[in-house]
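Novice: In case you want the letters, here they are:
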Amino acid sequence: MEKEDLKNKITELLPSATFEEGEWLTVNVEAKDWPAFAQQLRNDDSLFFNYLFCLTCIDWKTHLTMVYHLSSTRYRYNIVVKSKLDRNHPEIETASKIWKTAEFHEREVYEMFGVNFINHPDLRLLILPDGWEGKKPLLKDFEDPVNMIRL
Amino acid sequence: MYRQTEIISDDSESPSPGGFGEAGDLIINVGPQHPATHGVLHLVITLNGETIKKVEPHLGYIHRSIEKMCESLTYRQFIYVTSRMDYLSAHINNHACALCVEKGLQLEIPHRAQVVRVLLDELTRIASHELWWGALAMDVGAFTPFFHAFRERETINDIMEETCGARLTMNYFVPGGLMADIHPNFQKRVKEFISLYKLKIKEYDELITGNIIFQNRMKNVGYLSAEDAISYGCSGPTARGSGLSCDIRKLYPYEVYDKISFNEVIENGGDSFARYMVRIKEMNESIKIIEQLIDNIPEGDFQAKTKVVLKLPKGEFYSRVETARGELGVFIVSEGGTTPYRIKFRSPGFSNLSALDHMARGSKLGDLIAMMGTLDLVIPDIDR
Amino acid sequence: MWSFSNIADSIHQWLNETFHPSVAVIFEMIIAGICVISLFAVLGLVLVLMERKVSAWIQIRMGPNRVGPKGMFQSVADTMKLLVKEGMTPSGADKFLFNLAPFIALVVAMLLMAPLAFAKNFQMWNVNIGVLYISAISSVSVISILIAGWSSNNKYSLMGAMRSGAQIVSYELSAGLSILSVVVLAGSLNLNTIIQSQADGWWIFKGHIPVIISFIIFIIAVTAETNRAPFDLAEAESELTAGFHTEYSGMKFALFFLAEYVNVFIVCAIGATLFFGGWMPFHIGHWQSFNHVMDFIPSSLWFFGKTFFLIFVIMWFRWTFPRLRIDQLLNLEWKYLLPISLFNILLVTAMAIAGWYF
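Protein chains in written order, with my numbering: chain U, 4 to 154; chain X, 862 to 1245; chain E, 5 to 362.
Everything hinted at is true.
Interface residues of chain X toward chain U, partial, derived using beta-carbon atoms under 7 Å:
#, residue
1, L920
2, S1092
3, R1207
Keep in mind the hints are simulated off the structure, nothing from the lab. Where is the CB? At the ideal position from N, CA and C, for every residue including glycine.
Turn these sequences into a full structure, and let the hints guide you.
Specialist: Written out as structure tokens, the structure is:
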């Protein structure tokens, strides 16, 4: 399936999706559409995106963007799904029920960006020490006067 | 700070404060200081007798926030930090970063540099697997193989030292090619290594692979089905041991991997022994790649002409390479400046570790150690 | 000819001539005690050095080579370090039992030395139930490990101790049964009589296949009984850090360490006595002149030579094999070794009755 076909197929599934150009097809979805859309991406027989190989978040200072890199081990095509989140109350449905690897990656995003994953089975700090308080380290306005060295 | 470990007594009404474990369970900390974790991994294990009920990894003991550090380093500088992630395949880490920057700059690198990069990648892969082999044998209680593995690994390290000037964190790949040309002795010494290696690899099989105790410890232990491997995002030998074809070198070839012939090693067992065999066979495949390339290093520049200050255009760039442990992805978000706006390393160990709990449940404590050995966890790679 | 028995006799004679016989007996006891303790210490030092050299040889490296010529005094230096180290007791530990455990291990190892015949006519205690005594006393060593593991108040120690308990109790069975096959053939529990019965050939040769089977079972079982790799589940460095002696330090740790090595020596000495004729030189049937030539080699050399060969074999195991898992370990004993040794003892008995041995 070529990029165009993939685009048409996804438009069919989710008419509100917008697309970006890039190495891989990039789909922008609303956070509220994400859970249903993710389920479709995983279960639709002609898409079958069963391999979530990267999950991360970007802090754009005005908003946060969740980035999901998906791949299909059956058809070997890749797709990037992005979702804008409100920076003050970032919330999105968890993907860990669909791709189990998301459980760890989402815990990392939770502690590094403060994104609240709804219905996540075990949303706790993973890398940061227990009882960490204050700003989330990977946000752009994080300041640590002791450990951060500005070049 | 961390949960104190204690035997949960029968009379306690509620489960333990952490919310896990029933009466009679033994909660035990493996790590952060433990001979089997090869670093500072911390696993909280719920045991019933010797049987594992739950494994919960606690990470972050060697977390340096490399992603945050890279945001204030230029595109030339940040590569040096990445050698410290998966320090056993430092070359391949550097390679992923260099590829990503080159992708952004749309830089065509000289053929000579491509071939040398692949050669060094494969040497690194062998060195990494050698160490893994020794460490795995140590995990299952055989101490001798470690020294045998290091004997060959030293030879590789010597080759690296001669060409790159370093033995562990090489920093030899730069955006645009190589930092310097290869040492005149490089080809000769690599050929020497190949003949030595072919002689010694037999010893490995005689000492460990064919050993009945080792086979009993490895077979039917730590089963990971192909579906679970996909779902947990496993990659590299861990996933290939479950029958999943996921070699980035084959699927999304970079450099000259599409021009050389080698096999993607896939085993369908899904158990520890399958993962073990994948790595053992992969070493032989790497030797095959090196043999094809070592006499065919083309003449020419070792570095493309690049500007002194690199500036990536606005956009997002993702590069993926196959490290010794699996798929390493580098995701750079650029705003057009001299430093990345956001960088994400998709490290193979992090995803592979997440499958450990699923694999270990129901098996014995000794098996867990063997499983961790076959997952080939490098803790700085997991924590970043 | 120079031999241990001559020295012992002359000391005995001199003491009796110089002192009143009852005083002489007290002196002899003191001398014997000092001899056992110094043998204990020397064995510990020699075996630790031997282990390190053997492992270095197997692992293509040098081993200790700094202290003294070829590193000969390395274990002496280690002992000095351990002597001056602080022996810590964890605050949560049961202090009395925690400090008691290493001494039990030590005392058991010392007690086991009593019936051993180190050379011709050189034995501390010629007891007529020597074999029974040894298998009875060696079972006590598990108590020291259980006490150490339990009193440390550490989960690794506890698991190591529990593993060790299961392991030693099960492997004692096949060790005992394989020893019994020689007892059946020799017709005596007395170690001296067993050695004398091998004057025309060692049991490993005389008893052919059934005794070879019981020797193999014996060497497997005693490796397990002394908690050495591939059966070192009680220590299991990569799983339980150090197992039952995780919390021990300084001299208390050294006592466990010493007891382990002396136990290895003792089980190998028993193996040498039962299967390789102890101090009995290599004799072949009625080849009188050949046997006579063999007698020129001192009996103590024969005994220590055989023992150290067996120790070397056990060390060889340790540095070659991976460790078994706990369920595999118990399966090996209960599903394979025990039925085989039960069947084997039947075979040996039939053989002994029918006289089908040389």
